[in-house]
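A.B. asks: Using the sequences and the hints, build the whole thing.
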Amino acid sequence: MRDQEQREDMSGRPEPTVWYSDGLRFACQRCGSCCRGAPGFVWVTAEEIKAIAQFLRMTEHAFAQTYLRKVGDRISLIEYANGDCALYQNGCKVYAARPLQCRTFPFWDSNLTSPLAWALVKKRCPGVGKGRLHTMREISSCL
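When you number the sequence shown by the numbering used here, it's gap-free, plus one each residue, and the end is 143.
Note that these hints are calculated values from the structure, not bench results.
Listed next, the in silico EDC-like pairs over lysine to aspartate or glutamate satisfying Cα-Cα at most 16 Å (straight line):
#: 1; residue 1: K122; residue 2: D109
#: 2; residue 1: K70; residue 2: E60
#: 3; residue 1: K50; residue 2: E60
#: 4; residue 1: K130; residue 2: D22
Restraint-style ranges between C-beta atoms, simulated for each label pair:
#: 5; residue 1: C142; residue 2: A38; range: 15 to 23 Å
#: 6; residue 1: A64; residue 2: P126; range: 29 to 37 Å
#: 7; residue 1: G23; residue 2: L116; range: 14 to 22 Å
#: 8; residue 1: L143; residue 2: K122; range: 17 to 25 Å
#: 9; residue 1: D22; residue 2: D73; range: 33 to 41 Å
All C-beta atoms, glycine included, are put in the ideal place defined by N, C-alpha and C.
C.D. replies: What follows is the structure in structure tokens.
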């Protein structure tokens, strides 16, 4: 019965079992639902800024002037008034170089609090429930 209550991580320490301990299926459909329509922040690091600027063949300065905003002591991609990410135009312009926050969607803490939270994500994201099974360990590495 112990296996149902907790599992062990790589160091042998017990790890609490979560509702998605058997994994979750997800395959990005590149529909843009997570990129459009809702206001928010897409936080970027200095390394991500450099990588995205290179991908777009822009200088970091030009990229920053065009696509970034400072929010407190952090930096976010800008969005249009309708909530769409400025890097989304009939698809993500930087999909291969997108920020970690985008690469880890939908495996965010807020989406994994309960099966209900996951079901709500599934309503707006057609990739949830499709594709390969992501293990609990893979999902945990996104958090």
